[in-house]
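A.B. asks: Here is how the chains run, residue by residue.
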Amino acid sequence: MRWWLPDAGSTFAGPIDSLFLAILIITGIALVVVEVGLVAFLIRYRGRPGRKAFYTHGSTRAEVIWTAIPAVTMVALGLISNHYWVLIKGRSSVPPNAYHLGVHAKQFEWQVTYPGPDGKLGTADDFTVRNQLHVVVNQPTAVELTSEDAVHSFFVPEWRLKQDAVPGMHITAWFQATKTGQFELGCAELCGMGHYRMRARVFVHTPEDYKAWLAQQAAGGSE
Amino acid sequence: MTTVAHSRTDAHAEHAPMSFWRKYIFSTDHKIIGIQFLFVSLFFLLVGGILAMQIRWQLGFPNTPMPGGKILPETYIASNGVILPEYYVQLVTMHGTFMIFFAIMPLLVGVYANFLIPLKIGAHDMAFPRINMWSFWLALLAGLIMLAGFFVPNGPPRCGWTMYVPCSARSDLSGVTTGQLLWSVSIVVLGLSSVMGSVNYITTVINHRAPGMTWFRMPLSVWALFITAILGVLALPVLQGAAIMLLFDNVLGTHFFDPVAGGQALLWQHLFWFFGHPEVYILILPAMGMVSDIIANGSRKPIFGYHSMVFAIIGIAFLGWIVWGHHMFMSGMNPTLGSTFMVSTLLIAVPSAVKVFNWMGTMWRGNLRFHVPMLNAIGFVSMFTIGGLSGIFMAATPVDIPLHDTQFIVAHIHYVLFGGSLFALFAAITYWYPKMFGRMMNPGLGKIHFWLTFVAYNLTFFPMHIIGMGGQMRRIYDPTIYDFLKPQQPLNEFISYAAFALFAIQFLFAFNFLWSLKFGQKAPQNPWDDNGMEWSLPNPAPHGNWERTPNVYRGPYEFSSPEAEARGSDFLPQYVKLPTDRDPAPAAGH
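Note that the protein sequences, when read in sequence, are chains A and B.
Just so you know, the numbering used here puts 217 at position 217 of the first sequence, and the rest follows in order with no gaps.
Just so you know, the numbering used here puts 418 at position 418 of the second sequence, and the rest follows in order with no gaps.
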């Protein structure tokens, strides 16, 4: 049982998890201030015989302070968040050396198209595998997301990567995995009754392993 | 002008005895209509709760026969009593639909805008009583059409309460035909009801305030309901339009939303959330308004920063109307738009924080009375704070990436809608119960219900944050098929037990509500020592409310003022004329 985000598996996890922690600290402080203050008030100012409430309509100074503090915090948070948002999702953020894969979502499976030995999508040696995503560790990878039918969402928790696949749209999402091993790709957008079982295995290989797998597929191992 | 006003007033005073049907069924009395809305939406709250229990059964105990499940038809349940995946997505779809459209929204707006606005501004009734009656009957019709979805072949829709296209626009993708049509038709009818109601509330507040009830003497509940009505007029017709387009796609073969034939899948999301986000504020602003009234009363102090509370309501409503894109950060919409929607979303934290701090400021140095409405109002403040703060995680776009469409957002929405709206409703129902029925709800039972609910509610919804951080997607039928979710299953099971307890505890409230109708203690005229105009009337108030239009002499929160103390009490109602008060000029045009 984990009490935190899944173990980091991509370069996005660093900034996203730090930002998560920062927001947790900010909101944690706000929460403690409000809840402790509230409980203290409830005890201290509970009604007792002979007690009188203090007649006041407010205090401009207090209100300016508690309007300004959240406003400044939120603007700062917005600026920092936007910096990372653009780095992760911005349309020009995909690294030029990214390795491109095609991912076609369909009720209720993921069809992954690999560029084959020539390393280029859209050529004759491309091949497609159902529900298996093989990628190379430390290699920027871009998935070209499309959908056959409903809206689906490409979600690998360890990579901190989520992107909807929308019919009629071609969306590029990129990432750089930092850990080899097996993970899971799930659908995060309700796409029909089989939404829950729209799951693929994710394999993050060393470059050598990936080459071996590619060669094996080219030798006729593909579906 | 004055003579006209008086002849109108007198006409109101002479109500001929009415038949049972005119008085209680086809009534045009805003108070009866409010009570009708109350019973109907409490029924739908129960429906939504029953659906939630089945969702929790499946998530806590996947592949285990559901107790009593065998009474359901075979399109919903396997022969061994296990919930089918088709039925599971129908459960989540209809739980959201019923709770949002037929329970929380009518409870807050249908019940309390109707019941409170005329009583609190000193009006005899709504501006358009007959439209008001229609608004109720259309809402009931819409609810019955929605409910009918369970009884048609293949049952209700399977695409979530947000009804994303193309899933909902193509029956070959959803496997549902008639149920989908019923959903769209029901939403169109409900939209009609809401717009009729909203136009009525807006007109009534603008035109029917009693002499002396200036804008800034209005209680915050009325301000909130007024601003909510404006949001309703702006938002609901958009949803209606979208639902009609969806209906056309399904029935007439148009392709508004089907990309294969040149339609746009994201168009639905924009239209839906252009309604959907203001809707979130329709579901919380009235709660905030009523809680403000109750906290001032329970603190025996004027509301802290009344004017900034009013401007915070307006600010939240305005911002809430331009943030719909934050539901679409992952949708493939241009990421630059994500940046703008993030900023407007984060800014909502500012007026929300102002409200929370002002509620605390109201309690500061008060003389707190912990009556049942006050307890629930305090519960509202503490839980809404968690719901508001957890929203910041999703507003910050990079952090939204792992959290979007997981159980984290389910936790967030329930902290706002249950911890917020529903606690406010427990407060409001208890507080204005004597005004509605002339009797008090049992305070002992009320306190037990509050504390048990408060504990079970937190045990149910807080762990969902953790499950969501772990990555559990929303609306998945069986989390255990994912290896990374398996270790969380014990917590899912725990949440389910807590949810069953939470559901069971609500029967205490239902019992208290029904039992007190007949056996509750008779209510004194002003049971909470409050300042509102409604307490100048007997409980329950007669049709037409006041025999003569009342005058208003001061703001709604004059608790513990020097003038009040001079009278030997700690409150000074808006309707009490002190020797130093002068009568306000009669309102023109009435």
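None of these hints come from the bench; they were simulated from the model.
This one's a predicted model, so the numbers in the text were calculated from it and none came from an experiment.
Some hints could be false.
Computed cross-link-like contacts, SDA-like style, restricted to lysine to any residue with a CA-CA straight-line distance of at most 20 Å [as the list claims (entries may be wrong)]:
#1 B:Lys486 / A:Gln182
#2 A:Lys106 / A:Ser92
#3 A:Lys179 / B:Arg439
#4 B:Lys522 / B:Leu452
#5 A:Lys52 / B:Arg369
#6 B:Lys522 / B:Gln506
A.B. asks: For a quick check of understanding: which of the numbered hints are violated here, in increasing order?
C.D. replies: Hints 2, 3, 4, 6 are the ones this structure does not satisfy, whereas the remaining hints hold.
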